[in-house]
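Trainee: Add chain B to chain A, keeping to what the hints say.
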Amino acid sequence: MSERKELVMKVVTAFAAGALFTVGLAISGMTKPDKVIGFLDVSGSWDASLAFVMVGAIGVHLTARRLLGSMKKPVFAHSFHVFARTRLDAPLIVGAALFGVGWGLSGYCPGPVIASSVVSGRPALVFIAAMVLGMGAWEILQRARVIDTNKEVAVTSDGAQESTDVS
Amino acid sequence: MQPLRYTIRMTHFTPLSALAGGALIGLSATMFWFLNGRVAGISGVFGDVVLGRAEARAPKGAFVAGMLVAAVLVGMLVPASFGASPRSIFTLGIAGLFVGVGTRMGNGCTSGHGVCGISRFSLRSIVATMTFMLVAGLTVLVVDHVWRIS
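Protein sequence lines correspond, in order, to chains A and B.
Count along the first sequence from 1, then add 169; that gives the number in the working numbering.
Count along the second sequence from 1, then add 118; that gives the number in the working numbering.
If we strip away everything but chain A, and leave its shape as in the complex, we get:
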């Protein structure tokens, strides 16, 4: 298959997957923040429904990964995504905790709020604007830190121009 054809197929299938994702969210109840909060609120009258969303999603995806696990490469791409980090670290835990605060505060996580943005209007849009701001702030901080690390490497390596590409 030509590069161009592959890209077209990637875009078409990604669009379909995105559409399916929203339909799944909508059917499951994830696009109702009140219901999500009801799930997170174990102290009141707990609505356990959303645990079943995870059971359904993991059930299907895990089974598919088992069945198709021998595939060497994705159908329309050259390689599968490679996971750079495998060990537990502080940013993972702190980041997950911060996300948990935001999720509990609002009842929105990224998927449902993006889907809701074209239906529920302003509240979802305000959330998304703030989310983009938060994402951007973290990226800028990360890039500044990479530059900092590069400087340190340059200073301590006695003029040798090595290992400056911190990724």
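One or more of the hints may lead you astray.
[Claimed, not checked] Only some residues are given here: those of chain B computed to face chain A with a beta carbon under 10 Å:
| id | residue |
| --- | --- |
| 1 | Leu-137 |
| 2 | Leu-145 |
| 3 | Phe-181 |
| 4 | Thr-257 |
[To be verified] FRET-style restraints, in silico, Cβ to Cβ:
| id | chain 1 | residue 1 | chain 2 | residue 2 | range |
| --- | --- | --- | --- | --- | --- |
| 5 | A | Arg-314 | B | Leu-241 | 33 to 41 Å |
| 6 | B | Val-168 | A | Ala-217 | 30 to 38 Å |
| 7 | A | Asp-258 | B | Trp-265 | 44 to 52 Å |
| 8 | B | Val-168 | A | Glu-172 | 32 to 40 Å |
[To be verified] For the chain B half of the interface with chain A, some residues (derived, Cβ under 7 Å), not all of them:
| id | residue |
| --- | --- |
| 9 | Ala-138 |
| 10 | Gly-144 |
| 11 | Leu-169 |
| 12 | Gly-170 |
| 13 | Ala-180 |
| 14 | Gly-193 |
| 15 | Leu-195 |
| 16 | Leu-215 |
| 17 | Phe-250 |
| 18 | Val-264 |
| 19 | Ile-267 |
| 20 | Ser-268 |
None of these hints come from the bench; they were simulated from the model.
All C-beta atoms, glycine included, are put in the ideal place defined by N, C-alpha and C.
Mentor: Showing chain B alone in chain A's frame:
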């Protein structure tokens, strides 16, 4: 200290639709992985699209576009499937900031860690999911039962 006051939420237990919707989400993640080789983690996909980090942005942009087009259609056909957040705009703004910083710092959200990561038995994703579930639960407890803000 005030005693916890239990509120009754007007939501219903809907395990079957939750299971069916979840299965579709799992199918979507399966498509994106085995056709495109990418993780259907929405904070990552969306973040790469808006921050311009992805080497190949087109498929991720198409994923988000698919989400939005489907949302418009579902919103027209079954408006009741979308609900409003019980929180104020101000609270939603603060929450958005937390979600933005947190998902980038922790490399994922409910879909990336909770669905895709757990499905491949990633230790990082299992720990992340337990962490954000626990903290989200505690947050609701504090916000709804101790502070009682909107």
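Trainee: Would you pick out the hints that fail for this structure and give their numbers low to high?
Mentor: Hints 5, 7, 8, 12, 15, 18, 19, 20 contradicted; others consistent.
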